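Colleague: Same order as they appear, the protein sequences are chains S and R.
Anchor point for the first sequence: position 80 equals 80 in my numbering, and the numbering is continuous, going up by one each time.
Anchor point for the second sequence: position 89 equals 89 in my numbering, and the numbering is continuous, going up by one each time.
What the hints contain is simulated information worked out from the structure, not anything from laboratory work.
Note that the coordinates shown come from a computational prediction; the quantities given were computed from them, not determined experimentally.
Yeah, the Cβ is synthetic: ideal placement off N, Cα and C, and Gly gets one too.
Errors might be hidden in some of the hints.
[Claimed, not checked] Here chain S is said to cover these stretches of chain R; the calculated rule only asks that three of the stretch's residues, wherever they fall, bring their Cβ under 8 Å from a Cβ of chain S:
id, segment
1, 1-8
2, 63-73
3, 89-97
4, 104-112
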Amino acid sequence: MNEIVGYVFIIIGLAFDLFGCLGLIRLPDVYNRLQASTKSVTLGTCSILFGLFLFKGFTAAGIKAILCIIFILLTAPVSAHALARGAHKSGVKLWKKSVCDKYEEDRGVK
Amino acid sequence: MRRLRWLLGLVFLVAIGLLAWLNPFPSLLEWQSPFLKHSFFVLFFCGLLCLWRILKGPTPADRAVGIDILGILVLGFCAILGIPTGRDWYIDIGIAWALQSFISTLALAKYLEGRDFDE
Numbered sequence: 001m002n003e004i005v006g007y008v009f010i011i012i013g014l015a016f017d018l019f020g021c022l023g024l025i026r027l028p029d030v031y032n033r034l035q036a037s038t039k040s041v042t043l044g045t046c047s048i049l050f051g052l053f054l055f056k057g058f059t060a061a062g063i064k065a066i067l068c069i070i071f072i073l074l075t076a077p078v079s080a081h082a083l084a085r086g087a088h089k090s091g092v093k094l095w096k097k098s099v100c101d102k103y104e105e106d107r108g109v110k
Numbered sequence: 001m002r003r004l005r006w007l008l009g010l011v012f013l014v015a016i017g018l019l020a021w022l023n024p025f026p027s028l029l030e031w032q033s034p035f036l037k038h039s040f041f042v043l044f045f046c047g048l049l050c051l052w053r054i055l056k057g058p059t060p061a062d063r064a065v066g067i068d069i070l071g072i073l074v075l076g077f078c079a080i081l082g083i084p085t086g087r088d089w090y091i092d093i094g095i096a097w098a099l100q101s102f103i104s105t106l107a108l109a110k111y112l113e114g115r116d117f118d119e
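With the rest of the complex left out, here is chain S (with noise of 0.2 Å):
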C-alpha cells in the first residue's frame, strides 16, 4: 500500500518538474520564467522526496529525505527572490506587455 502511494508522490512530481521546466523554456521574460519554475520545481521535488519517504519508511534515509524537504523549502524561496533583486539591480527590462513594477517605485521613492 506504501509502495502504491509512493509510484503516486513521485509521478505528481515527475509532472511538475517537466512543467515548471516547460515554463522555463517557453515563458518571454527571466522575471516570468522565475515565477514559473521556482515555485513548481521546488514542489515536485518535494513530492519526490516525500515519495522516498513513504518507501523507506522511518528508517536513516526516510527521515534525511524529510529534512531535505525542510532545507528545500526553507531556501528555494530565499534563492528566488535573490535572483529576481539581483537581475532587477543589473538592469534586466521587464516584458513589454508587463502591467506594474512596484520595486522601481519604491526605488525611485528614495
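Following the hints, position chain R against chain S.
Modeller: Frame of chain S; chain R shown alone:
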C-alpha cells in the same frame, strides 16, 4: 523557420519517448523496479531543457535561473536513484548538493547586483 523549429522539437520528443520505451542501457545500474526507468528519462529531459536555457539565455540572469533550477532537479534525481538501487547514501549526496546549490545561487545573485554590495 518556425515550422522547422516545431518539427525539430517533435523529433526530439519522439526520440526521448523511444529511449524511455526501448530501454537501451539495461546494465547501466542494477534496476529493481521497471517503473523508475521511465522517470529517469523524464528527469533527463527536464535537465536538457534547463541546459538549453543556460546555453541560449539572452541575459546573465537567465543563465543564473537555469543553474538554480538545475540544482534543484539534481536533488530530485538523487532521491529517485535511491529507490530502485536500494542504496541509502544517494540522499546524503542530495543534501550536500542542495547546500552547495543554495550557496552558489546566493553568490551569483550578489554578483548580478553589481558594484554596490552593501546598501
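Colleague: Compare the structure with each hint and give your call.
Modeller: Consistency of the hints with the structure:
1. 1-8: The restraint on the segment 1-8 of chain R is violated, since only 0 of its residues have a Cβ under 8 Å from chain S and three are required.
2. 63-73: holds (count 7)
3. 89-97: holds (count 4)
4. 104-112: Answer holds; 7 residues pass the 8 Å Cβ test.
Violated hint for the displayed structure: number 1, the only one.
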